[in-house]
Amino acid sequence: MRSLKLSNRFFIASLFLSTSVFSAVQVIQPSENSYQDIQEALILAEPGDVVRLTAGTFYLKDSLSLDVSGVQVEGEGMNQTILDFSDQQSGAQGLSVTSDNVTLQDFSIQNAKGDAIKVKGVTNIKFLRVKTEWTNGPSSENGAYGLYPVESTNVLIDGCVAIGASDAGIYVGQSKNIIVRNSRAEYNVAGIEIENSYYADVFNNLATNNTGGILIFDLPGLPQQGGHHVRVFNNRSVGNNTDNFAPEGNIVGEVPRGTGIIIQANSDVEIFDNEIGDNDTVNIAVVTYGNETDDQTYYPHPKSIQIHGNEFGPTGYNPDTSKGELAQILFDLSGGNMPDIFWDGLVPLSQIIFGQPQDEKMIITNNGDGSLLAIKPIGFMLPYLEPAILDINEFDGQISPLPKVEFDENF
Amino acid sequence: MLSEFGFFKDMQNQIPADGVHPYSLVSQLFSDETDKLRFVFVPEGKKIGYEENKVFIFPVGSTLIKTFAYLNKNGPMDQQLLETRLLINTNEGWQAISYVWNEQQTDARRTIAGATIPTSFYNSEGKQIDVRYRAPNQNQCKECHQVNKTMTPIGPKARNMNKNVEYQSGGMNQLLYWAALGWIDQNLQSTSMSNYLDLDATLEDRARAYLDINCGHCHIPGGSADTTGLYLNFTEKDREQLGIYKKPVAAGRASGNLKYSIVPGHSNESIMLYRMRSLDPGIMMPESGRALADDAGIELIKNWIDKL
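Protein sequences, first through last, are from chains G and W.
For the first sequence, the positions run 5 to 415 when the numbering used here is used.
For the second sequence, the positions run 10 to 317 when the numbering used here is used.
Extracted from the complex, chain W is given alone in its bound form:
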């Protein structure tokens, strides 16, 4: 059971134990509009390594804890904790295990083959939405978290963490907070990625942030979608590799009878948007981790392609 780790003082309300700290990402994965509660545990006295544009190098024993929930802040429905995923850095590398919450919301049980949770929630616009939520199985964790056959966290990169977070002791920039804990140095000289929902950022920055965090963990050299040479990670610079006038290679019917991944100025002729809109498992992208369409993301990528 999840409670056996002792990560939480209060499981149901997700109050972390001492030494377990909340963290947050600037841009985050859609995952059927779930709210994500993230926590990190680093063994006492250990430091976190840093390389620009890479995931932080956590010491062995570190654990990333991520609870997926519908908090239902915009509707008359109780919050629902769905699953909690752990990434534990062991001597043999990162291991992924996931736990599905019981109906009483008191604890979560380990799952091997994942779970299907039919439920409904209130979205940010206060609309009630039904969803066949899928907690992934262990292999699906690897699909996204493996690069060159090595498990790795995805989110905690400095470029995606430069923001304020509410701690028990008050609000603070989380990179400064980590530095105050002695985990990292004060000034990392990192680039910063935009929050793709931030309308003040440029369209280009927002679109590239969205593609990086929603697609770039698989669509990256060495990632599980590298077979077709479509690379959507933040640092990719080649236009064809990014999908511009790139012909599909193994898409089959997921091409939607369209010729290119991205046709600048013509989102409706772009396979990328077609696959983002689809709910058909043989067509949709990402191919796991969502059962709903990400309307905000679709709108963003549509505008970006139309103005390319």
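With the rest of the complex left out, here is chain G:
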């Protein structure tokens, strides 16, 4: 056995010895071997290296993955460098990233069979001017997510475009420290979705032609939950009137067509200075998680929500009562006179009786001539009371601004 051991040790050492000291730029052009070329470059890259994909269309049959820290993958423009997965045979994503300090920029991923770009469990990830698209328009056959960072810390999405996802175009899940800015989400079920996440700033984005524009959600049964500290400001969430095309079973399948912003569960959410209008059903909905769950640690109600300085356009003129219960309830309670803001009013039973703690109350102020409808659960319990609040001034109060999300963007 001596000879095997010796040759073994020598050979193993040579296999894992890294020789490069300087960062390198590897340039790859479209070819017959596009998958092999790109995937090998992504595996052999050293921290600090750049993998550059030239202008043109790369036709890929298998999904790509990156697991080396500090690598930049760049194209020559989101409309110039196209990674086309229309004939994908294997792998559930277009591109998946599992390493830290990665920058993805200036390319587009088309027609992935599953999610376009999934980034899981990393610290520091930048998406700059990246586009994900399903080119045949809204269809339940499209992949679920466009840009999909999950379980990550320090997530920057800047100048990106997401089109046609059958769940969410830009979806950040179970993450911490998130900035989504200057991006556009169109023809997705959910335009931009922040789910089960902590500390997110979503600003200067356009969400249009989705089913729902911007969703701030929290779901039970997941490794990270109790989403909190989300600021949504200076966005335009307008004309999100595409029929819901999510496959059934998915939580966004319950979102009615024509929704500007939905806050579900979550605490400490500040929605301000946005333009929200031309949404068929409602401009802003604040709701409790409505499905049953065995998860004892999960808190299903939204709390400490602040909505101020928003400019509302027309809404509620064509409510979608076919998905979920929200639109129907709203339509019945408002007698067809649909509000800009809806709150389902659900709180724990003790708070129905004794009232909400002061710092958990919703504050709505300075929203021009915006209108409101909030359900009053006690009104349902005691028939001589009104079942709903229509006076927006009842929610007036002092805004306590949430802190800005900051992290070092120059990693």
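Just so you know, the hints here were simulated from the structure itself, not pulled from any lab data.
All C-beta atoms in this analysis are idealised placements derived from N, C-alpha and C, irrespective of residue type, glycine included.
Be aware that a few hints might be false.
Unchecked claim - Have a look at the derived ranges for each label pair, beta carbon to beta carbon: (1) W/L190 x G/Y302: 46 to 52 Å; (2) G/V29 x W/K172: 48 to 54 Å; (3) G/M385 x W/L208: 53 to 59 Å.
Since the structure of chain G is already known, use the hints to place chain W on it.
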């Protein structure tokens, strides 16, 4: 080249060198019905550590060698060696490298980005099947072999190894064989998992063994599919976490318009079975490591769900 390691006396016939020992698992991954030839090398004089329900703790320098092949025992076709994967325990932890066999079947060459091998084989029922076999790339190795960002072997757990194996010296229980080599102690007090193909075992045991070995390396806390909270490892006890009346989280169209992972008594309404049946890369589970559907596994999980 694979031959440079000196693991085999006879590469083509997969006869191991002295000191390299065959091993075998009770339940094994489907992987497009390939036959798997497994071998282990442990440096002389070293011992293997043991913790119940965990993978054996191999000493540095140990190597797990796994050749994927179509032996074609049930049809008029030569055997075909496809790829050999090595897991080597180095000072920096486990490293995965894989080798794809040449056409002459004399040696295998290292691959970084994996390989596509279009081929055909005779299955256990003597039927010829075409397959676009994919040897995984290095990152795909990690997808399944990483838990909490640390590479680990999957198969060699005591609970999945309590069985007889044919050695050059004759048949023997492989845990006793390992003890005789001085690698482990005689009595490990381990639980045993069923072979999911063993019809004498209970349906529950067979189903849980199948899910553990085919899904539980990713669907486990800290595994690459933990994001959605569906845990299919052998030791999971929570019914919702196992998928029973669990709503999909990030499945997209892979939900197949169904509401829950598992609806007891109704396999046709269960997303799990829908994804096992699919051949669409955006729907199918597992998401890598197969191009074909596992008919035996589908039948087993179908029966299990229908009787839940």
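Hint check results:
At about 50 Å, the CB distance of W/L190 to G/Y302 agrees with the hint of 46 to 52 Å. At roughly 52 Å, the beta carbons of G/V29 and W/K172 sit within the given window of 48 to 54 Å. Hint check: G/M385 to W/L208, Cβ distance near 57 Å, so the stated range 53 to 59 Å holds.
Violated hints: none; the structure is consistent with every hint.
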